[in-house]
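Chain order of the listed sequences is A and B. For my numbering, count along the first sequence from 1 and bump the result up by 301. For my numbering, count along the second sequence from 1 and bump the result up by 301.
The reader is advised that the hints may include incorrect statements.
Copies of one chain are not kept apart here, so a pair can be met inside one copy or by any two copies together.
Here are the simulated SDA-like pairs of lysine to any residue, each with C-alpha atoms no more than 20 angstroms apart in a straight line [claimed, not checked]: (1) LYS320 / VAL347; (2) LYS320 / GLU391; (3) LYS323 / ASP346; (4) LYS320 / ARG371; (5) LYS323 / GLU345; (6) LYS400 / GLN349; (7) LYS335 / LEU357; (8) LYS367 / ASP346; (9) LYS367 / VAL334; (10) LYS335 / GLU345; (11) LYS400 / LEU364; (12) LYS398 / PRO373.
Calculated directly from the structure, the hints in this document are not laboratory data. Bear in mind that the values here come from a model prediction, so they are computed numbers and not experimental data.
Number of protein chains: 2
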Amino acid sequence: MSTTITTGWTTAEIEISEKVLKKAYERETKTLVKQVQEQVDNLEDVAQLWEIHDLLSSKRYDLDGKYDNREPMLVFTFAQLLKEGWINIEELTGIDKAKLAQISSLARM
Amino acid sequence: MSTTITTGWTTAEIEISEKVLKKAYERETKTLVKQVQEQVDNLEDVAQLWEIHDLLSSKRYDLDGKYDNREPMLVFTFAQLLKEGWINIEELTGIDKAKLAQISSLARM
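Working from the sequences, and respecting the hints, build out all of it.
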């Protein structure tokens, strides 16, 4: 048998996944809101306002793609979030060990 | 003689125009900065952050086009700024009366 990326997720795993994704999204967007609030408080000219606009354009695009909850993508989604520090591996407790191993490996890549 | 849109601008008129445009741009962008600061202070969720992003996209596009300082466009640029309240007609003192009449007429359209 060759090593393959696991794609089957049980209902219980999906439930855990949705909760973790929701929490991570809240963390990331709260951090973004704080970052924008700080930058906006210290605004001195319109050029800096356009920098905030650029940041928001980029983060919005990033967030739209990153929280991919389709089953075959979940391993990659969690690996990315783990790598960026928006989740920790303990939060995924309850998910099959083989998947967790894949997530951890991908996060180190 | 038929009525035509005046397109010739003297050096003195161009100088006045540049000053007025600069001032109007500062007013409009300062107002935008204040508006964004207020909205960002009262941010409650990420949906409102995307609303601010949409506002900035729209205002940036608007501002890029609006402050058109090409000679044949100046009458239209000033009419638009006058209509929106970013300048008043007295600030254009020194510019030829026929042009001022055109600007006032266009602003009422």
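If the cutoff is 20 angstroms on CA atoms, where do LYS320 and ARG371 land: within, between, both or neither? Let me know, please. within (14 angstroms within a copy, 56 angstroms between copies)
When no copy is named, should LYS320 and VAL347 be tagged within, between, both, or neither for a Cα gap of at most 20 angstroms? between (39 angstroms within a copy, 18 angstroms between copies)
How do LYS400 and LEU364 come out at 20 angstroms by Cα distance, when the copy is not named: within, between, both, or neither? Neither. Shortest intra-copy (23 angstroms) and inter-copy (50 angstroms) distances fail the 20 angstroms Cα cut-off.
At 20 angstroms max between alpha carbons, let me know whether LYS335 reaches GLU345 within a copy, between copies, both or neither. Both, since 18 angstroms and 11 angstroms are each at most 20 angstroms.
When no copy is specified for LYS367 and VAL334, does a C-alpha distance of 20 angstroms or less occur within a copy, between copies, both, or neither? within (18 angstroms within a copy, 30 angstroms between copies)
Checking an output row: LYS320 and GLU391, CA cutoff 20 angstroms. Within, between, both or neither? within (13 angstroms within a copy, 61 angstroms between copies)
State whether the alpha carbon distance between LYS367 and ASP346 is at most 20 angstroms within one copy, between copies, both, or neither. between (32 angstroms within a copy, 19 angstroms between copies)
Tell me, please, which holds for LYS323 and ASP346 at an alpha-carbon limit of 20 angstroms: within, between, both or neither? Between copies only: 14 angstroms across, 35 angstroms inside.
Are the CA atoms of LYS400 and GLN349 at most 20 angstroms apart within a copy, between copies, both, or neither? neither (43 angstroms within a copy, 36 angstroms between copies)
Identical-chain pair category, LYS323 with GLU345, by Cα at 20 angstroms: between (35 angstroms within a copy, 17 angstroms between copies)
Check LYS335 against LEU357 for me: Cα-Cα at most 20 angstroms, and say if that holds within a copy, between copies, both or neither. Both: 12 angstroms inside a chain and 18 angstroms across chains, each within 20 angstroms.
Tell me, please, which holds for LYS398 and PRO373 at an alpha-carbon limit of 20 angstroms: within, between, both or neither? Answer is within: at 16 angstroms inside a copy they meet the 20 angstroms cutoff, but 70 angstroms across does not.
The structure fails to meet hints 6 and 11 from the earlier list, while all remaining hints are met.
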